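J.: Assemble chain B onto chain A, guided by the hints.
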Amino acid sequence: MDQFLTFGIVGLSTAAIYAVIGSGLVLTYTTTGVFNFAHGAAGMLSAFSYWQLTVGWGWPVPIALAVVLLLLAPAFGLLVERFILRPVQALGEAERLVMTVALLSGLIGVARWIWDPNVARPLPAFFDDRPPFHIGPAAVTWHQAITMAVAVAVAITLRLLLYRTRAGAEMRATVDDRALVGLTGADPVRANKAAWILGTQLAALGGILIAPTVTLDAAQLSLLIVSAYTAAVFGRLRSVPLTFIGAVVIGCTESYLTGYLPQNDYLPGLRLAAPALLLFIALLVFPHRRLRGRDRRLAPVPVPTARGTLVFAAATIAFGVVLASVLGEADLITYGPIFSLGIVALSYVPLTGYAGQISLCQLSMAGIGAVVWAHFGAHGQLWALGLAVLVAAVAGALIALPALRLSGVYLALGTAAFAVVLDRWIFTLPAFHVLGVEVALFDQGSVEVTGPSLFGLRLDSGEELMVLAAVCLALASVLVAALRRGRFGRRLIALRDSEAAYATLGGNLLFAKVLVFSLASGIAGLGGALYGMQQRAITPDQFNLIAGLPLFLVAVIGGLGAVGNGLFTGTALIGPTNALITLAPSLQNPVALLPALAGMGLGKNPDGIAAHFRHQWEPLGRDRIARTALLAWLATAWLLRLGDLIDGWTFLGGALVVAVALRTWASARQAPAAEPEIPVEWWGVRRDWRPEDEEVLARGVAAS
Amino acid sequence: MASLRVSGVTVSFGGNRALDGVGMTAEPGRITGLIGPNGAGKSTLFDVATGLRRPSSGRVHLDGRDVTRMRPSARAKCGLARTFQRLELFGRLSVHDNLLVAAELGPERPRAAGVVKEILDRLGLTGLADTAPDTLPTGVGRLVEVGRALALRPKVLLLDEPAAGQDAEETERFAALLRSLADDGTAVVLVEHDMSLVMSVCDDVYVLDLGKVIAVGPPEVIRNDETVLAAYLGDA
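Chains as they are written, first to last, in numbering that gives the first Met the number 0: chain A, 0 to 703; chain B, 0 to 235.
FYI, nobody ran anything at the bench for these hints, they're computed from the structure.
Incorrect hints may have been included.
Cβ-Cβ distance ranges computed for the label pairs, FRET-style [as the list claims (entries may be wrong)]:
id	chain 1	residue 1	chain 2	residue 2	range
1	B	Arg121	A	Asp606	28 to 36 Å
2	B	Gly13	A	Leu474	52 to 60 Å
3	B	Arg121	A	Leu456	54 to 62 Å
4	A	Thr649	B	Thr130	47 to 55 Å
5	A	Leu478	B	Thr130	54 to 62 Å
6	B	Arg121	A	Glu676	48 to 56 Å
7	A	Thr164	B	Ser199	54 to 62 Å
8	B	Phe12	A	Arg129	52 to 60 Å
9	A	Trp688	B	Asp202	53 to 61 Å
Source: prediction; values computed, not measured.
Ideal Cβ placement from N, Cα and C applies to all residues, glycine included.
Just chain A, with the same shape it has in the complex (with noise of 0.2 Å):
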């Protein structure tokens, strides 16, 4: 009974720090209307900033929280709210999303980059030199202590606030129509101020409460967020009062699994995807929501031409091939994932460009993918990869279902849950037997991986794995293009644009969800095995929720309904940032913001910006002498490189150079000749008259 009342105590205090959390996510997403999933980040970033004033700098512990409370964290919620939201308020729930996560994945960054990740930061509890009291026979330090009484303060306050002030029925009322807010006099501008503030302001409480109990690593303590969600959750990211029962539920649940869990190796994971999988069960347990009507803007889906891809595809292959004759081992393993993370964001085109679907558990089924390879693939059997992708679009099926029922912010959270369960608690088990089966994931570690055989030829060089990632590239963008063209994309993007619609016509949302998760997870399965041929070894960190948010961010910039989006995004996530490194290795931290900074630019290009690429580079290929011209090039550079007269860089940088070259020549001879200004009184003189003339003129005398 003591230990039962000792770990309940230990789960109020947690519950407490939950619930000042989840109430700010509550909050903000009340008032405006955006769930943030940067709102842990935050608290992560308070948390650091604190250490650095206390324990850094040897602040008093009063004044390192006033600075911290009420200047950083305010400060840090207007910045997001004008510079980072505010752009994209009016865009549609997911780009707010995209923004969110580009914070999060940006303000990790930015933490490893200040705080170096391999130095261990303890931070002192408060009053921890003050002996713990008891109640009863439970002890309770006065850092538990405190926590709780700041979530009752926190409560009353906001209770008091929101109910009681006109700023807070401000922001109540700002969430369900703006418009009609600002014609009452209200300002939903300075609502949205006012809950960013107080929302950054409680994340940055909770996170300063939460850190002296944990190790101070900023994705981690970013995603102790996960429990602050599920507590949302619970309040169905309305209620504060009932984000409070859910913070009570998960503290107490994570703290009685740490004192009554049984002891073996298959169970310190499930502790620590406790709240993952409470968040899972949470989002399904949500009553059914009615059938969505249509979005006030989506992205375009260009069909692709069949001619078109399969110049696309050859030109993927060619690539690869040139890569891989001009690169050296060590930049093979550096830029193969090129290909092979391009597959898995190709997985993106009709999971979240066609039909919707937002998952940020992509590369979680990549790394099933690597996994299955790893063991069934083990003697290069090609039916291993047919297995790989099999298991990987399974897993997809799965997550399916509960699509079904979530969808926007509560189906990427669902995707982000079971990202994390995978990551904590499944891909560290270790090997056990199904139906006498043995099934090893990672051996609690890293698992080898090789290539496979094909016709009799083991395919293990850093070369030929990257021709091969290439032609998979290319075979999965042909597959993905045939889809857009055919029955089953158009239902996707049916689906998307109205699923009231779809649905009245008979269109069955499971099965099209079913079959559109498994093909993405498979694709992306695919991928996973090919990033983990290329590797060599593989770990469940390199398919984390934490390093699959560059990858999305990445591909949503690249436009998710473009499918050159895969090699785009492979390219862009893996070429530029590696190349700067290489270049400059000071700048290896900064570098690793570029896919966050990208994100956040999304607000200029919402429809991507592979598109608005290809746009640029069409002239080029219009043009049969530039076009040969570059190919005439390409080969003799290619040749010299093979003869090892110039080095890779120098054919690299050579073929950029050259290609820009001619898509400038090449567009100035596309564009039409500008046609002299010939005054209005001699139209018909010295030019032909043209029929719109006669509409002109009335115009103009109409005018005037």
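T.: Showing chain B alone in chain A's frame:
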């Protein structure tokens, strides 16, 4: 051909009853009008009939078969199709593909392309086949939605303000289309604010007000019904 019958349907939003024991029948070959002031519950009744909203009580029968617990997609397979008051076109597909999605889900799937061509011709939309529906005027968009519903070859067709945004000439052509659909044996239910259209094409008219049916009858009776006039014009 099939008929639609809803009986005793009640739907509540919080404390408000959007529909209160509503009953309605639509017979094959007849055009049934459903009119009433804004907020009377007309679109909600369509939602209940098509399965997008579960009623708290009441039944929906399609061709004598109880479909109350069926999913929307299953009801569509039974021959029920609808349009929406707020356009629900597939904005990223062309007009042609909007119809093609429906035709491929309908009973004439093997000759879906032919069905689409025939409907585009019938509605005069052939010239717009490759157009993105979001760029069309509302009136034309509504016609595309009608075409998409027709591509299912429905036995019961629910049309929610299909003539809104059309000019007099287009409305006249649309009335002829409705008549020809009914002549083919389709049961048509028409929600419409254009009273002259309703009164000219409908065989029966149901009047809804505040979630209740306040009058049923042929147009000439409804036109002079005191209760209906009061609901539309007020009691003054």
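J.: Let me make sure I understand: some of the numbered hints might not hold for this structure. Which ones are they, in numerical order?
T.: Number 5 only.
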